[in-house]
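Chemist: Now for the letters of each chain:
Protein chains: 2
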Amino acid sequence: MTLPLRLYELTGADDSCRFSPYCWRIRLALAHKGLPVETVAWRFHEKEAIAFSKQGKVPVLVDGERCVTDSWAIAEYLDHQYPDRPSLLGDASLKALTRFVNQWVADSVHPALARLILPDVHAVLDEADKDYFKRTREAAFGVSLDALAAQRERSLQAFHEVLKPLRSTLAVQDYLAGAAPAYADHIVFGAFQWARVVSAQSLLAEDDPLTAWCERMLDAYNGLARQAPTAAER
Amino acid sequence: MTLPLRLYELTGADDSCRFSPYCWRIRLALAHKGLPVETVAWRFHEKEAIAFSKQGKVPVLVDGERCVTDSWAIAEYLDHQYPDRPSLLGDASLKALTRFVNQWVADSVHPALARLILPDVHAVLDEADKDYFKRTREAAFGVSLDALAAQRERSLQAFHEVLKPLRSTLAVQDYLAGAAPAYADHIVFGAFQWARVVSAQSLLAEDDPLTAWCERMLDAYNGLARQAPTAAER
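Those protein sequences? They're chains U and L, same order as listed. Mapping to UniProt numbering: the first sequence position 65 is 65, numbers consecutive. Mapping to UniProt numbering: the second sequence position 44 is 44, numbers consecutive.
By construction, these hints were calculated from the structure, which means they are not laboratory data. Misleading hints may appear alongside valid ones.
Because identical chains share one entry, a pair is satisfied inside a single copy or across any pair of copies.
Taking lysine to any residue and the SDA-like style, the derived pairs with C-alpha atoms no more than 20 Å apart in a straight line are [what the hints assert, rightly or not]:
no. : residue 1 : residue 2
1   : LYS47     : VAL62
2   : LYS164    : ALA140
3   : LYS134    : PRO86
4   : LYS95     : ALA180
5   : LYS164    : TRP72
6   : LYS130    : PHE44
7   : LYS130    : GLY34
8   : LYS164    : PHE141
9   : LYS164    : ALA106
10  : LYS57     : VAL40
11  : LYS130    : ALA49
12  : LYS164    : ALA205
13  : LYS95     : ALA171
14  : LYS134    : ASP14
15  : LYS54     : ARG66
16  : LYS164    : SER202
17  : LYS33     : ASP120
18  : LYS47     : ASP15
Note that the structure is a prediction, hence the values are computed from the model and not measured.
Take the sequences, apply the hints, and build the full model.
Modeler: Right, dumping it as structure tokens:
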């Protein structure tokens, strides 16, 4: 182990604006394992800076001679490489169900949340990233960012519909993974941290069990996620 | 242990029409633990038959002097009472994530599937149950059974939207719980067995990873679920 590890993180115009939900789950995963990390701000147009990883997306984790991409693969790598530190994915069965959570966030939560906050993401980006982002996201969602900004009420309703099973679960247990957070919590919380960093929209009511869980996740690992400046603070 | 256990199961007009998704998860859970069970056909209007359970819903499990209701509580009871047999819920972390699957099915899968098959459920019921069922379900969903029957195409699309994370998970692992089924699989498969028993509608494409998983679940426990007559067979 060559400490610290190095993590390339998606960043807005402001260097402190680290908004990627996929990078946040890895930041929390590294904290969970007690592994120090040096983060590197990276923006969509800086493809050359991560060309060594042989692909074009972050998170990219560099551990000495090794380079790992894709958040799920990074979580697996961390558990495999640092087995004596607190586990992220647990045994085979827990890992299998954590993968379902991973897919639920990818296939249900992120698409619903994106419709709410993509206009906010666009607003925090570096000028050199804005055109690329607008073009690719509008193509992917089949709708303009302006149209999304105009239908927030409907999008918020759909987002809450998707969140129902998370809410009813967290109404009876402190974390998705039980009494303490694990990678399943990192995956899901990454989405809320994405929203928190880019958007001033209020997505959850104060008395929502999800709000209490978000507060616990913001406090976890010595307040790691809470230290990130919010949209309101920048 | 006074073997066999006794399970009250929701039943249509035909005694072999055991369609409740909540009862099916318990049938599979009992098979998983290798516990023999004697099932008792029960219909909505037979409240007196389960009055001893001090509530009005099935599944009701009777184990000697003990009576347990609510599928989740029954799964917990079985693991607690028969700890030497294969576990349903696993350790605290696995149980916590299995609860999320339980809530995902209750809050997302069942409502979407119900809109597709409630008219089919109504058709298989005992005459004495039909009015009660129609009235309560139409009130709960805010739509008539006839209207639901007329919008199946749209409902099927919404159901497939909900299933995305299940599909992408089962594309890369054999069971939700990993290499072998556990209670998480019983919970989700109960929904598909519900549809299979009451409805002749084709819900999944042949090349859908979910079809392959359903086949594995139909084969599991010596083909327990496959032995139930389907809507097409009755």
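Chemist: Compare the structure with the hints numbered earlier in the document and write down the numbers of the violated ones, lowest to highest.
Modeler: Per hint list: 3, 7, 17 violated.
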